[in-house]
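Colleague: Using the sequences plus the hints, can you model the full thing?
Protein chains in written order, with the numbering used here: chain A, 1 to 153; chain B, 1 to 776.
If you're looking for bench data, these hints aren't it; they were derived computationally from the structure.
Using N, Cα and C, we set each Cβ at its ideal position, and we do this for glycine too.
There could be a bad hint or two in this list.
Restraint-style ranges between C-beta atoms, simulated for each label pair [stated by the list, open to error]:
{"hint": "1", "chain 1": "B", "residue 1": "L531", "chain 2": "A", "residue 2": "N86", "range": "37 to 45 angstroms"}
{"hint": "2", "chain 1": "B", "residue 1": "S604", "chain 2": "A", "residue 2": "N86", "range": "40 to 48 angstroms"}
{"hint": "3", "chain 1": "A", "residue 1": "T47", "chain 2": "B", "residue 2": "Y536", "range": "30 to 38 angstroms"}
{"hint": "4", "chain 1": "B", "residue 1": "Y536", "chain 2": "A", "residue 2": "A122", "range": "18 to 26 angstroms"}
{"hint": "5", "chain 1": "A", "residue 1": "N86", "chain 2": "B", "residue 2": "S527", "range": "39 to 47 angstroms"}
{"hint": "6", "chain 1": "B", "residue 1": "A346", "chain 2": "A", "residue 2": "R107", "range": "50 to 58 angstroms"}
{"hint": "7", "chain 1": "B", "residue 1": "E709", "chain 2": "A", "residue 2": "C46", "range": "56 to 64 angstroms"}
{"hint": "8", "chain 1": "A", "residue 1": "A55", "chain 2": "B", "residue 2": "N528", "range": "37 to 45 angstroms"}
{"hint": "9", "chain 1": "B", "residue 1": "P676", "chain 2": "A", "residue 2": "R107", "range": "44 to 52 angstroms"}
{"hint": "10", "chain 1": "B", "residue 1": "Y536", "chain 2": "A", "residue 2": "R107", "range": "20 to 28 angstroms"}
{"hint": "11", "chain 1": "A", "residue 1": "C46", "chain 2": "B", "residue 2": "Y536", "range": "33 to 41 angstroms"}
{"hint": "12", "chain 1": "B", "residue 1": "Y536", "chain 2": "A", "residue 2": "N86", "range": "30 to 38 angstroms"}
What the simulated footprint calls covered on chain B by chain A, stretch by stretch (three residues with Cβ under 8 angstroms from a Cβ of chain A suffice, anywhere in the stretch; the number is not a length) [claimed, not checked]:
{"hint": "13", "segment": "34–47"}
{"hint": "14", "segment": "575–585"}
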Amino acid sequence: MLKPILLVEDNPNDLELSLAALAKSGLANDVIVARDGAEARDYLFCTGVYAGRPAGLPAVVLLDLKLPKVDGLELLHIIRNSPETNRLPVVILTSSREESDVASGYRLGSNAYVVKPVEFSAFFKAIQDLGIFWAVLNEPPPVPRGKPNNGQQ
Amino acid sequence: MSLGDTATVDLTNCDREPIHIPGSIQSHGFLLGLKLQPDGRLHVVTASENAAQYLSLPLDRILDAELNNLVEHDLVEALHKGLLSEGSAGDFVRFIGTARLPVSGSQRHDFQIVGHRLAELFILEFERTEHSVSQAELNAVLSNFVGSIEELDDRTALCQAVTSQIRALTGFDRIMLYQFDEEGHGTVLAEDRNDKLPSYLGLHFPATDIPQQARALYVLNRIRIIPDVDYEPSPLLSVPEMKDAPPLDLSLSILRSVSPIHREYMRNMGTVSSMSISLVTEGRLWGLISGHHHEPRTVPYLVRSASEVLSRITTSHLLALHRSSQMAHAIRLKSVHGQLLSFMAAGENYIDGLARHPVELLAVTGAQGAAIVVGERCILLGKTPSQQAVLAFAQWFSKRGREDVFATNQIELECGEVEELRTEASGILAISLSQVHRMQILWFRPEILQTVQWAGEPAKSEEFVNGVRQIHPRNSFSSWKEIVRGKSLAWTSVEIESAREFRSIVLEIVLKRAEELAEMASELESSNRELEAFSYSVSHDLRAPFRHISGFAELLLENEASRLSDTGRRHLATIAQSAQFAGLLVDSLLNFSRISRTQLEIHSMAMKPLVEDVWRDVVQQEIGERQVEMVIGDLPVVEADLNLLRQVWRNLISNAVKYTRPCDHARIEVSCEQTPDEYVFAVRDNGVGFEGEYAHKLFGAFQRLHRMEEFEGTGIGLANVRRIIARHNGRTWATGEVGKGAVISFSLPAVQSISRRGSVPDSEGTEAPQTPKLDA
Chain A
1 MLKPILLVED
11 NPNDLELSLA
21 ALAKSGLAND
31 VIVARDGAEA
41 RDYLFCTGVY
51 AGRPAGLPAV
61 VLLDLKLPKV
71 DGLELLHIIR
81 NSPETNRLPV
91 VILTSSREES
101 DVASGYRLGS
111 NAYVVKPVEF
121 SAFFKAIQDL
131 GIFWAVLNEP
141 PPVPRGKPNN
151 GQQ
Chain B
1 MSLGDTATVD
11 LTNCDREPIH
21 IPGSIQSHGF
31 LLGLKLQPDG
41 RLHVVTASEN
51 AAQYLSLPLD
61 RILDAELNNL
71 VEHDLVEALH
81 KGLLSEGSAG
91 DFVRFIGTAR
101 LPVSGSQRHD
111 FQIVGHRLAE
121 LFILEFERTE
131 HSVSQAELNA
141 VLSNFVGSIE
151 ELDDRTALCQ
161 AVTSQIRALT
171 GFDRIMLYQF
181 DEEGHGTVLA
191 EDRNDKLPSY
201 LGLHFPATDI
211 PQQARALYVL
221 NRIRIIPDVD
231 YEPSPLLSVP
241 EMKDAPPLDL
251 SLSILRSVSP
261 IHREYMRNMG
271 TVSSMSISLV
281 TEGRLWGLIS
291 GHHHEPRTVP
301 YLVRSASEVL
311 SRITTSHLLA
321 LHRSSQMAHA
331 IRLKSVHGQL
341 LSFMAAGENY
351 IDGLARHPVE
361 LLAVTGAQGA
371 AIVVGERCIL
381 LGKTPSQQAV
391 LAFAQWFSKR
401 GREDVFATNQ
411 IELECGEVEE
421 LRTEASGILA
431 ISLSQVHRMQ
441 ILWFRPEILQ
451 TVQWAGEPAK
461 SEEFVNGVRQ
471 IHPRNSFSSW
481 KEIVRGKSLA
491 WTSVEIESAR
501 EFRSIVLEIV
511 LKRAEELAEM
521 ASELESSNRE
531 LEAFSYSVSH
541 DLRAPFRHIS
551 GFAELLLENE
561 ASRLSDTGRR
571 HLATIAQSAQ
581 FAGLLVDSLL
591 NFSRISRTQL
601 EIHSMAMKPL
611 VEDVWRDVVQ
621 QEIGERQVEM
631 VIGDLPVVEA
641 DLNLLRQVWR
651 NLISNAVKYT
661 RPCDHARIEV
671 SCEQTPDEYV
681 FAVRDNGVGF
691 EGEYAHKLFG
701 AFQRLHRMEE
711 FEGTGIGLAN
721 VRRIIARHNG
731 RTWATGEVGK
741 GAVISFSLPA
751 VQSISRRGSV
761 PDSEGTEAPQ
771 TPKLDA
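Modeller: Structural data, given as structure tokens:
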């Protein structure tokens, strides 16, 4: 069974466009939507409304940076500092091109950083490529054994 | 005094005459040098030759004699009391008493006896007196005088008072008082006389009239008298065991024989007898009171002492007057400083504040003219040399670069190359406000053109006597006029100090201004930063809605196209395109603002490989099917931020490619020229060019010189280039003509002053604050 894609996005317009893009990509993976950082955290760690969901991590997290409650960088920090999730592929997806965001994103260990293009076709293509790369092409990290691997390409 | 034939005769010869050891005394008295014997008795070891006549004894009975055997017992007692008692050591002259001695057999004469110690000797001098005065009379004179001058607050009146008083006391034909200036020239300030001798009031005496060693002697021995210039000098003789002793030092002697030059000087003046009293203030010979008489004249020792006391009272009063006038002057200067300070502080520009108040500025140093020099600019106030001469001096002064304050009253000795200054500004007092920039304030005094009356001809005449070259003072004593060439009145220490103080005041103002400027600049910088942050956040937030407009329009086009009319589809496509373009503008704006916010990473980098690399990108991404000839000349290695320079080249080359699009044969040339200070890079194309008169608009953000339909783009490329080059301390400019191509140039300094590690981002558009670099 295919692992789902976790899309963390609070802006309804971006959410709809992203979902449209993923739908067009022909990916068979389910898309789980979290509308803020806290909800995403609950999903990943099976807490809150997700308490008791079937175990398993998504194939990739598409993470917006500006999020209510727990923001994108905070969530990334939590993911990288928890043994269950520290190898989970995370792609930061945001409007901001600010270097400080980029720097913090990579310092905290995101696997990629994508600035949402204004141009629709470019945006579509970016979302589709990301979904395909991380959900299909990218080999999930092996179960921790010996040398750690942070999954960075 | 005679000199050998070969000796050069000049005015300074007098300075070498050892006047304190003449080896003889004048003949109106005699001298005994005594030595205390182990048994307590005083033996004569030295005597003037004329002692024999005065004491009616052969000289060999005087030399080596015991004092007791020569004079009365009372006198020896007085001597013991005055000179030998404890605590009476020290080289000052004491009055011992009077004695009546037999002169030429039966005749007896009154003598006043004074004594002083000279190392192990006791010098006794017996001076014959013609008449006597009572101590009470003198006391009355002194106390009257002190009372009468109490009210005087004017130097001239005080000088006149003491001059008249001393003449009344001594009975000389003429008493005059003169003062010495800094260079030793004398000016007669007061005079009291009868018609036997001419007036010298107001005349100037050259400094050479009184040789150096005489001036020193006059400070030591405050009163000298020559009763008869035609005296026969009486040599000093000593006992055989004193033969090898050095000549007797007569510095403190009242009978000391004077220089033959001085005696000739007196004869030339037509005076037979003279007396002079030193006016000493703070250890310096301030002036002299001198008396002259047309015939021989003695003045009793007590009268002389009284005159000396009068002189001392006068000098202390003069000093007090001088100090209070100095104080008043200093207070006046302080108030002038204060006024100027408020003028400087009030105006926008402190220099204007000074320039508008020339009277006060001149008062700072008591000058006739002034100039304010800033760089190559100068403002002239009052009586000054020409602007050209002032600037020439200013240049000389800053090259000299040693002192903050410079003063001369004879500029030709210091800066002779500017001929005009010699007479127009013989005196210059200058202050430098900065070692880095030329900022000076200069004050001028012209040459003293008024004639000065000298009481003698400064060039002493030479004369041969018996084939030996003799030097003697002027024979001609008529007033002689000389123009003091190339000299101004000297700047006093108070005036120089005032200039120095004024300098600190100006510096304070300048520094305060600089601080205010820096504060303003920093406020400007912070508001600029806020503006940048605001525009960044606005642009950033605009991005999402544009994306949504573009996205949903596309979705609509894709999913619902069949339900729309052609016009509806066209409108939707336009909406999508416009939103995309708006997004592109926002991205450009964000990039533009990032250029000023990011830190520079300065490294050595070769320009040529960079340009080649950029060209490859352009060929790949922009050229397409077109044929464009690219010529890349020799390019240097520079110190710069690689990423930013890549943006510069990308912008310039893309532009060149874009604007050569209509050309059949497009040609782009990249070149560099080096000057001593900078590298000048140029990108030349043969494209459509632009109208030269709009060249200045080319580098503004979102400025376009062509229609959107002709050439696409946001119009921010060259604004980016200008910003990046400005951050590298370079310049940008463009030349072009419609249809004849364009040349876009930029420069980079040959030596990059930005540190290699990078610099704090500065805000473009506001220049760095021009803080004057001061060396205060």
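Colleague: Are Y536/B and R107/A spaced within 20 to 28 angstroms by their CB atoms?
Modeller: Given a distance of about 22 angstroms, which is inside 20 to 28 angstroms, the answer is holds.
Colleague: Within 30 to 38 angstroms: is that where the Cβ-Cβ distance between Y536/B and N86/A falls?
Modeller: Holds: the Cβ-Cβ distance is about 33 angstroms, inside 30 to 38 angstroms.
Colleague: For the segment 575–585 of chain B, do at least 3 residues have a Cβ located nearer than 8 angstroms to some Cβ of chain A?
Modeller: Contact hint for the segment 575–585 of chain B vs chain A: holds, 6 residues under 8 angstroms.
Colleague: Between E709/B and C46/A, does the C-beta distance stay in 56 to 64 angstroms?
Modeller: 58 angstroms, holds
Colleague: 40 to 48 angstroms was suggested as the range; check whether the CB atoms of S604/B and N86/A agree with it.
Modeller: 41 angstroms, holds
Colleague: Given the hint of 37 to 45 angstroms, check if A55/A and N528/B actually sit that far apart at their C-beta atoms.
Modeller: Between A55/A and N528/B, where Cβ atoms are some 54 angstroms apart, the hint is violated.
Colleague: A range of 44 to 52 angstroms was offered for this pair. Does it hold for the Cβ distance of P676/B and R107/A?
Modeller: 46 angstroms, holds
Colleague: Given the range 33 to 41 angstroms, decide if the beta-carbon distance of C46/A to Y536/B lies inside it.
Modeller: 39 angstroms, holds
Colleague: Given a hinted range of 18 to 26 angstroms, is it respected by the beta-carbon distance of Y536/B and A122/A?
Modeller: For Y536/B and A122/A the Cβ distance comes to about 22 angstroms; the hint holds.
Colleague: State whether the coverage of the segment 34–47 of chain B by chain A holds or is violated, taking the criterion as 3 or more residues with Cβ-Cβ distances under 8 angstroms.
Modeller: Check failed, 0 qualifying residues.
Colleague: Lying within 39 to 47 angstroms: is that true of the beta-carbon distance N86/A to S527/B?
Modeller: Between N86/A and S527/B, where Cβ atoms are some 45 angstroms apart, the hint holds.
Colleague: Determine whether the Cβ-Cβ distance between T47/A and Y536/B falls within the hinted range of 30 to 38 angstroms.
Modeller: 37 angstroms, holds
Violation of the numbered hints given earlier is confined to hints 8 and 13; the remaining hints are satisfied by the structure.
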